[in-house]
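Asker: From just these sequences and the hints, can you work out the full model?
There are 2 protein chains.
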Amino acid sequence: MSTAAPAQSTLARERDRVSQCLRESVIPFWMNHSLDRELGGYFNCLDRDGSVYDTKKHIWLQGRQVWMLSKLHNADPSAKDAGAFRDAATLGADFLRNRARDGQRVFFSLTREGKPHFLQRKMFSECFYVMAMAEYARATGDASARAEADELFQSILRYAKDPSLLGRPVYDNGLPATGELAVPMILLNLIEELNGADGNDFEDIAQWCVERIKLHVRHDLKMVMETVPLDGSLLDTPEGRLLNPGHAIEAGWFLMSYARKRGLADLEKMALAMIDWSFETGWDKEEGGIYYFLDRGGYSPLQLEWSMKLWWPHCEAMIAFLMAYDTTGEAAYFEKYLQVADYSFAHFDDPQHGEWFGYLDRHGRVSQRFKGGPYKGCFHVPRALWMCEGLLGGLIAKAS
Amino acid sequence: MSTAAPAQSTLARERDRVSQCLRESVIPFWMNHSLDRELGGYFNCLDRDGSVYDTKKHIWLQGRQVWMLSKLHNADPSAKDAGAFRDAATLGADFLRNRARDGQRVFFSLTREGKPHFLQRKMFSECFYVMAMAEYARATGDASARAEADELFQSILRYAKDPSLLGRPVYDNGLPATGELAVPMILLNLIEELNGADGNDFEDIAQWCVERIKLHVRHDLKMVMETVPLDGSLLDTPEGRLLNPGHAIEAGWFLMSYARKRGLADLEKMALAMIDWSFETGWDKEEGGIYYFLDRGGYSPLQLEWSMKLWWPHCEAMIAFLMAYDTTGEAAYFEKYLQVADYSFAHFDDPQHGEWFGYLDRHGRVSQRFKGGPYKGCFHVPRALWMCEGLLGGLIAKAS
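Just so you know, the protein sequences line up as chains F and P, in that order.
For my numbering, count along the first sequence from 1 and bump the result up by 5.
For my numbering, count along the second sequence from 1 and bump the result up by 5.
Treat each hint with caution, since some may be false.
Identical chains blur together in the list; that is why a pair holds if it fits in one copy or across any two.
[Claimed, not checked] Result set (DSS-like, lysine-lysine): computed pairs, CA atoms no more than 27 Å apart in a straight line:
| id | residue 1 | residue 2 |
| --- | --- | --- |
| 1 | LYS61 | LYS166 |
| 2 | LYS219 | LYS266 |
| 3 | LYS219 | LYS403 |
| 4 | LYS290 | LYS127 |
| 5 | LYS266 | LYS127 |
| 6 | LYS290 | LYS403 |
| 7 | LYS127 | LYS61 |
Because the hints were derived from the structure by calculation, they are not lab data.
Note that this is a predicted model, so its numbers are computed, not measured.
Answerer: Given below as structure tokens:
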């Protein structure tokens, strides 16, 4: 049974839904509540109503907000809000550049004033710093921001190839060396961000990323592993059996975007498979929503929060399914987009105070009422709504 | 309204319940499934039915199991199982002594063979190693195990006073230096373990612990804070507002045990207050069970698992309320013991395969089916049942 293509009215209704949420609820929430005009940067720990419950500044979110605001500016520099977006991006970019770096490392969190609070033994603060600077340079023409992105990106490549540089001891204990999906997927996304709409640099690194991602994509099991031995085998441990469906779906659309631009049909097919399998495995058939973690062997994941429904896997799935529909024209992908979007607007969206809730229990009840925290800020929701708005606009134009 | 003292028949019924669970379900589970007779140490990652789902060996649990088995031996060295307990303790103690130390540090986890897997920037592996060696030395008369406990305890004291020795950078960022409840409470418990039934050493350190614990006990708020500035103030951040009721109840009975032995009535009163307040705040009045984390200001805790019901706070509360009843003779404490024990036997106990489940969702449904994992092993359940068996036996003897 084939599914009929969505009517123009359906596409328009969806575009209105995401556009309205983005522009009347989500962006105003962050513009009204997060800007620290006194000391710079953004308050990213915001309660349901936008009040600040912690003044610490988490660099993942500072960098991602600079990126998002710059992107909104750059999408239409003549729009009436564009200047406000650029100014708000400057507030964060200046704070990052003055405070967040520790040589070739970037802190995980700072005090409100910008003094060091915590440094992770991971490279993701650095990644979001680079992502911020690359897009901010486009918003302002600030070449030194771009130069900083390029310089720090080289350090990130060193960390990716030798994680011991980040200070976590690596033991020679007879276990195979392993790789995390997060590393090649974020690098591939960073390359896309550094390249912008039409650049074509870093192709050798992109190909390294693609080869690494392929190790995680197990056609034999129809699953995408989070952690794999680099020798192509599988680990039968909780880490080696771990599935993170939202993460795999996000990696899928990163890869689809990369493959589409280059006309790589085989890679596009692999990206679609990653999304298909992960949604099939990850969707909770009883209660709805996408699980946070699963174990491929059916054991209980060690992560206590495994059955919770988090906002960001749903954001990534909305992007992935619309992109898959745009790529293939298969209406079933639009149906899946609707399935995820309907769940999300019914459960995460908070029309009363703006933005989305981030954390639901398995049954879809709000577990954490805050809108921003150490891992949630002005990023996944606005990125997804903004990308879906663009994809839906393109579909409407194509169909008319 | 005063509550009537429990009848002898009630005390006997309770003693039978905990004793039967300990000796017919919990101990057999670990003795049958955890011993790695081939390569030494214990499998501590055990599924519901005792099958091994990960062969890694987590040192917190290796040490705690050596302690528990030695304790069971030492409680009655002429009992028919005593030899088996001592032999099983030796299996773990030898593995620890051959494999787990890295100079004055102790690994967090090892491979099955005992090769290094992970080293935490925390001092708790060292603490459980010391606890194991102190009791194991009593079980075997092995003076070198005791000497090792004493030596490593001195390193732990250095780590407690200067956590930067553990490798986590400490920043001079204008925030007040803070203390964690875990540190003085585990040190106080270690001193009790090193002292044994009638020792009286380390009194200066014990008094340092008591003074530190007092900083966490806020009579003005009737709450016990997890993290406090050392200057006696309060932090208005998620860390500074965090409550962990089970942890505070455990600290309460550690302190009550310390105070009782020394006849310190004021400290005993403070310990009872810690238990009373934390149970009042921590018990979920709608769904039953003790919350894992709360925020004193009513915000959502950052910990995604805050509303889950974990086995160990219930174990600690069973001990604390029986000890409080034994100390004060107030029947209301026995009622609270029953409230927690009834919840626990109804929700955590697994008569089908033995031992208790560890992790329930807010509504009391099993969330993780495994019996052992990186933080759950042969410790909280048998320690609680064994201590409750002893306390109930004492109450029965007193009343007859």
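Asker: Cα distance capped at 27 Å. Does LYS266 pair with LYS127 within a copy, between copies, both, or neither?
Answerer: Neither way: LYS266 and LYS127 sit 30 Å apart in one copy and 47 Å across, limit 27 Å.
Asker: Could you figure out if LYS219 and LYS266 sit no more than 27 Å apart (CA to CA) within one copy, between two copies, both or neither?
Answerer: Cα proximity of LYS219 and LYS266: one copy only (19 Å, versus 63 Å across).
Asker: Pop the pair LYS219 and LYS403 into one bin, within, between, both or neither, using alpha-carbon distances up to 27 Å.
Answerer: neither (33 Å within a copy, 69 Å between copies)
Asker: Quick one: LYS290 to LYS403, C-alpha cut-off 27 Å, is that within a copy, between copies, both, or neither?
Answerer: Neither way: LYS290 and LYS403 sit 34 Å apart in one copy and 57 Å across, limit 27 Å.
Asker: Within, between, both or neither: how does the pair LYS127, LYS61 come out at a Cα-Cα threshold of 27 Å?
Answerer: both (19 Å within a copy, 23 Å between copies)
Asker: Go through the copies and call it for LYS61 and LYS166: within, between, both or neither, with a Cα cutoff of 27 Å.
Answerer: between (31 Å within a copy, 26 Å between copies)
Asker: Using 27 Å as the alpha carbon limit, work out where LYS290 and LYS127 are close: within a copy, between copies, both or neither.
Answerer: Classified as neither: same-chain Cα gap 34 Å, cross-chain 40 Å, threshold 27 Å.
Checked against the numbered hints above, the structure violates hints 3, 4, 5, 6; every other hint is satisfied.
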